[in-house]
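Produce the entire structure from the sequences given, and follow the hints as far as they go.
All residue numbers for the sequence shown refer to the working numbering, where the first residue is 1 and numbers rise by one.
There's no promise every hint is true.
[What the hints assert, rightly or not] Distance ranges between label pairs, derived from CB positions:
#: 1; residue 1: SER207; residue 2: ASP122; range: 32 to 38 Å
#: 2; residue 1: LYS141; residue 2: LEU103; range: 27 to 33 Å
#: 3; residue 1: ASN140; residue 2: ILE83; range: 20 to 26 Å
#: 4; residue 1: TYR177; residue 2: VAL96; range: 18 to 24 Å
#: 5; residue 1: SER82; residue 2: ASN212; range: 17 to 23 Å
#: 6; residue 1: ALA81; residue 2: GLN160; range: 25 to 31 Å
#: 7; residue 1: LYS117; residue 2: LEU26; range: 50 to 56 Å
#: 8; residue 1: ILE50; residue 2: PRO112; range: 44 to 50 Å
#: 9; residue 1: HIS203; residue 2: ARG27; range: 35 to 41 Å
#: 10; residue 1: ILE38; residue 2: ALA81; range: 16 to 22 Å
#: 11; residue 1: SER223; residue 2: ALA34; range: 24 to 30 Å
#: 12; residue 1: THR131; residue 2: LEU26; range: 15 to 21 Å
#: 13; residue 1: ASP113; residue 2: SER32; range: 50 to 56 Å
If you're looking for bench data, these hints aren't it; they were derived computationally from the structure.
Remember, predicted model here, so these are calculated numbers, not experimental data.
For each residue, glycine too, the CB sits at the ideal point set by N, CA and C.
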Amino acid sequence: MTRVLIIVIILNQSLNCFAQKPTNELRAKIDSIANPYIKQYSIVGMSIGIVDDTESYTINYGSTSNKDGFSVTDSTMFHIASITKVFTATAIMQFVEQGKLSLDDKLVDILPDFKLKSKEYDKITIKHLLTHTSGLPWTNKQTNLPNDSTSIPLFIKGLQKIKLNFKPGAKFSGDTYSNIGFDLLGIVVQKISNQPFHEYIYHNVLSKVDINQATYFYEEIDSSRLALPQVVAGTSKRIERFNLYRIDDKKNPILNGQPLELRNYETMGNHILTIQQVI
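The structure is reproduced here in structure tokens:
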């Protein structure tokens, strides 16, 4: 809980700072650090935000795409990937503070249809999911869930085919990280709030710290402002678009969602915002 609050408080305090451009000396120092990093990792574009007491600075590099991209600016929208999990965890802790949920609550008591191939699935608690100690694998192989309210039941049913990697609570390390766990926490948020996940997060988490431009919806973003995820392809070192989030896919549940469906990657890694929103 403390870690979640610290992150949100820092966001809230830093938003009171007016972002400005750094001095030539500071810019040169940052360039000396950033440029080798950009070259080493073939970074197409990025934004750097620095907060120093009451002052904040932004520096932008490169373009929004390796093909026909626009220059990165302070208003460029980036995927923040798993930082989205902070928002999901904050929502869960709000319910704990309100007495609507306990960290020791078992997931099966909240989502009765949740079931795995492993016998000890019924011991998984909210705390296990938050701390990546549930034993759930990193992800599953479910794809092409429908764009309607049946997607959550189908997602949960699909989990019946997987096994736990270890007993809930028995282990924590870098390889216990689970996106599935945060998918399930997102469903818990929707069930307790009786709202679509993105609506609850916006009204009860983001708007509370004046983050008003963040979105899950690509159609809300001018194409000139959207930085497309890129990846270096294998040994060829060729830079390609990494369409993990299915941008421009008309079947993408992010674009065509119904009120309580499970939006693709929404709860664990699909938030989009600008550098100005996080400094």
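Each hint tested on the structure:
For the hinted restraint 32 to 38 Å between SER207 and ASP122, the CB-CB distance of approximately 36 Å keeps it satisfied. Range check, LYS141 to LEU103: about 29 Å between beta-carbon atoms, so the 27 to 33 Å window is met. Separation of ASN140 from ILE83 is about 22 Å and conforms to the stated range, judged on CB atoms against 20 to 26 Å. For TYR177 paired with VAL96, a C-beta distance near 22 Å keeps the hint of 18 to 24 Å intact.
With their beta carbons about 22 Å apart, SER82 and ASN212 fall inside the hinted range of 17 to 23 Å. The beta-carbon spacing between ALA81 and GLN160, approximately 28 Å, falls within the hinted interval of 25 to 31 Å. Between LYS117 and LEU26 the Cβ separation comes to about 55 Å, which falls inside the hinted range of 50 to 56 Å. At about 48 Å, the CB distance of ILE50 to PRO112 agrees with the hint of 44 to 50 Å.
In this structure the supplied range 35 to 41 Å holds for HIS203 paired with ARG27, their Cβ-Cβ distance being about 38 Å. Checking the proposed 16 to 22 Å range against ILE38 and ALA81 shows it holds: the Cβ atoms sit about 19 Å from each other. A hinted range of 24 to 30 Å holds for the C-beta pair SER223 and ALA34, which are about 26 Å apart. Our hint of 15 to 21 Å for THR131 and LEU26 is violated, since their Cβ atoms are close to 38 Å apart.
At about 55 Å, the CB distance of ASP113 to SER32 agrees with the hint of 50 to 56 Å.
Of the numbered hints listed earlier, the single one contradicted by the structure is hint 12.
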